[in-house]
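*Asks:* So the protein sequences, as listed, match chains A and B. Going by the numbering used here, the first sequence opens with residue 1, and the numbers climb by one from there. Going by the numbering used here, the second sequence opens with residue 1, and the numbers climb by one from there.
Mixed in with the good hints there might be a few duds.
As the list claims (entries may be wrong) - With a straight-line Cα cutoff of 27 Å, these simulated BS3-like cross-link-like pairs (lysine-lysine) come out:
| id | chain 1 | residue 1 | chain 2 | residue 2 |
| --- | --- | --- | --- | --- |
| 1 | A | Lys79 | A | Lys42 |
| 2 | B | Lys78 | A | Lys59 |
| 3 | A | Lys79 | A | Lys68 |
| 4 | B | Lys51 | B | Lys15 |
| 5 | A | Lys69 | B | Lys41 |
| 6 | A | Lys79 | A | Lys63 |
| 7 | B | Lys41 | B | Lys78 |
| 8 | B | Lys51 | B | Lys78 |
| 9 | B | Lys78 | A | Lys42 |
| 10 | A | Lys42 | B | Lys51 |
| 11 | A | Lys59 | A | Lys69 |
| 12 | B | Lys41 | A | Lys68 |
| 13 | B | Lys54 | B | Lys78 |
| 14 | B | Lys41 | B | Lys15 |
| 15 | B | Lys44 | A | Lys69 |
| 16 | B | Lys44 | A | Lys63 |
| 17 | B | Lys15 | B | Lys78 |
| 18 | B | Lys41 | B | Lys54 |
| 19 | B | Lys44 | A | Lys68 |
| 20 | A | Lys42 | B | Lys41 |
| 21 | A | Lys79 | A | Lys57 |
| 22 | A | Lys42 | B | Lys54 |
| 23 | A | Lys79 | A | Lys59 |
| 24 | B | Lys54 | A | Lys57 |
| 25 | B | Lys44 | B | Lys15 |
| 26 | A | Lys68 | A | Lys42 |
| 27 | A | Lys57 | A | Lys69 |
| 28 | A | Lys42 | A | Lys57 |
| 29 | B | Lys54 | B | Lys44 |
| 30 | A | Lys68 | A | Lys57 |
| 31 | B | Lys54 | A | Lys63 |
The hints are simulated quantities; they were obtained by calculation from the structure and are not laboratory data.
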Amino acid sequence: EDQVTQSPEALRLQEGESSSLNCSYTVSGLRGLFWYRQDPGKGPEFLFTLYSAGEEKEKERLKATLTKKESFLHITAPKPEDSATYLCAVLGGAQKLVFGQGTRLTINP
Amino acid sequence: EAGVTQFPSHSVIEKGQTVTLRCDPISGHDNLYWYRRVMGKEIKFLLHFVKESKQDESGMPNNRFLAERTGGTYSTLKVQPAELEDSGVYFCASSPRELLNTGELFFGEGSRLTVL
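Use the sequences and the hints to build the structure in full.
*Replies:* Laid out in structure tokens, this is it:
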């Protein structure tokens, strides 16, 4: 069974303090790994798709990387508006995403 | 362009009652998905429509849940009779092509269901 584990569950940073979120996965035939951002009371919002080990994607202060066992979401010099829950999900053989529980990120000004 | 809209945003019902959740996908999106997040757990897949056909309903918890997508447009998810463990946030998402091609789902804001 496909499985996704995210760590840490929650992370507090000061504005400008860079860090990384981890997503470990086990899947039969990875077809894609996705990062979403979710704000309170909202639905998940798509950030990145990574398809193969070694691939990297960037968007503003965020960079996602992928290995054969895990993905990292690096956040560089974060701002308070980057506070959100970040979700990782994998796509295996079926047309359905398997999500992790998410990392709740808080950036203090 | 309007996003995925869901109604109601919050529903509070008693155990044994019936609730119907509605989802309007982005116009032109053939693929429609239902997901659910139970408190303290991860978001989990319920089912997938391609137009009006159920492509995959392997995530539906039991036969108290019935999903329809009449005419390939909006979708409804009915829970009858509701149980306490059905409480959670039900998300609808749509995409213009299969996930393999686009990698992106557009989610609605969710319908929060509370069963007392």
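*Asks:* Each of the hints needs a verdict: does it hold here or not?
*Replies:* Verification of the hints:
1. Proposed proximity of A:Lys79 and A:Lys42 is supported: the alpha carbons are some 20 Å apart, at most 27 Å.
2. The hinted pair formed by B:Lys78 and A:Lys59 fails the criterion: a straight-line CA distance of about 38 Å is larger than 27 Å.
3. As the CA atoms of A:Lys79 and A:Lys68 are separated by approximately 30 Å, the hinted pair breaks the 27 Å bound.
4. Simply put, B:Lys51 and B:Lys15 have alpha-carbon atoms about 32 Å apart, too far for the 27 Å limit, and the pair is violated.
5. Restraint check: the Cα-Cα separation between A:Lys69 and B:Lys41 comes to about 22 Å, which is no more than 27 Å; the hinted pair holds.
6. With a C-alpha separation of about 15 Å, the suggested pair A:Lys79 and A:Lys63 falls inside the 27 Å cut-off, and the hint holds.
7. Using a Cα cut-off of 27 Å, the hinted pair B:Lys41 and B:Lys78 holds, with the two alpha carbons roughly 22 Å apart.
8. Restraint check: the Cα-Cα separation between B:Lys51 and B:Lys78 comes to about 18 Å, which is no more than 27 Å; the hinted pair holds.
9. The straight-line distance between the Cα atoms of B:Lys78 and A:Lys42 is roughly 22 Å, inside the 27 Å bound, and the hint therefore holds.
10. As the CA atoms of A:Lys42 and B:Lys51 are separated by approximately 25 Å, the hinted pair is consistent with the 27 Å bound.
11. For a cut-off of 27 Å, the pair hint linking A:Lys59 to A:Lys69 stands: about 22 Å separates their Cα positions.
12. A C-alpha spacing of about 25 Å is found between B:Lys41 and A:Lys68, which places the hinted pair at or below 27 Å, so the restraint holds.
13. Among the hinted pairs, B:Lys54 with B:Lys78 is consistent with the structure: their alpha-carbon atoms are about 15 Å apart, no more than 27 Å.
14. Using a Cα cut-off of 27 Å, the hinted pair B:Lys41 and B:Lys15 holds, with the two alpha carbons roughly 21 Å apart.
15. Restraint check: the Cα-Cα separation between B:Lys44 and A:Lys69 comes to about 21 Å, which is no more than 27 Å; the hinted pair holds.
16. Only pairs whose Cα atoms come within 27 Å are accepted, and B:Lys44 paired with A:Lys63 is accepted, the gap being roughly 25 Å.
17. Using a Cα cut-off of 27 Å, the hinted pair B:Lys15 and B:Lys78 holds, with the two alpha carbons roughly 14 Å apart.
18. A C-alpha spacing of about 25 Å is found between B:Lys41 and B:Lys54, which places the hinted pair at or below 27 Å, so the restraint holds.
19. The straight-line distance between the Cα atoms of B:Lys44 and A:Lys68 is roughly 23 Å, inside the 27 Å bound, and the hint therefore holds.
20. Of the pairs offered as hints, the one joining A:Lys42 and B:Lys41 holds, with about 17 Å between alpha carbons and a cut-off of 27 Å not exceeded.
21. Between A:Lys79 and A:Lys57 the alpha-carbon distance is near 19 Å, which keeps this suggested pair within the 27 Å criterion.
22. The suggested pairing of A:Lys42 with B:Lys54 holds, with an alpha-carbon distance near 26 Å, which does not exceed 27 Å.
23. Restraint check for A:Lys79 and A:Lys59: the C-alpha separation of about 14 Å stays at or below 27 Å, so the hint holds.
24. For the suggested pair B:Lys54 and A:Lys57, the alpha carbons sit about 33 Å apart, so the restraint of at most 27 Å is broken.
25. Our distance criterion of 27 Å between C-alpha atoms is met by B:Lys44 and B:Lys15, whose separation comes to about 22 Å.
26. Note on A:Lys68 and A:Lys42: the hinted pairing is violated, with a Cα-Cα distance of about 31 Å set against a maximum of 27 Å.
27. Of the pairs offered as hints, the one joining A:Lys57 and A:Lys69 holds, with about 17 Å between alpha carbons and a cut-off of 27 Å not exceeded.
28. Of the supplied pair hints, the one linking A:Lys42 and A:Lys57 holds, its CA atoms being roughly 24 Å apart against a limit of 27 Å.
29. As the CA atoms of B:Lys54 and B:Lys44 are separated by approximately 17 Å, the hinted pair is consistent with the 27 Å bound.
30. For the hint pairing A:Lys68 with A:Lys57, the CA-to-CA distance comes to about 16 Å; that is within 27 Å, so the pair holds.
31. Pair hint B:Lys54 plus A:Lys63 does not hold up; C-alpha atoms about 36 Å apart against a cutoff of 27 Å.
When held up to the earlier numbered hints, the structure conflicts with 2, 3, 4, 24, 26, 31 and fits the remainder.
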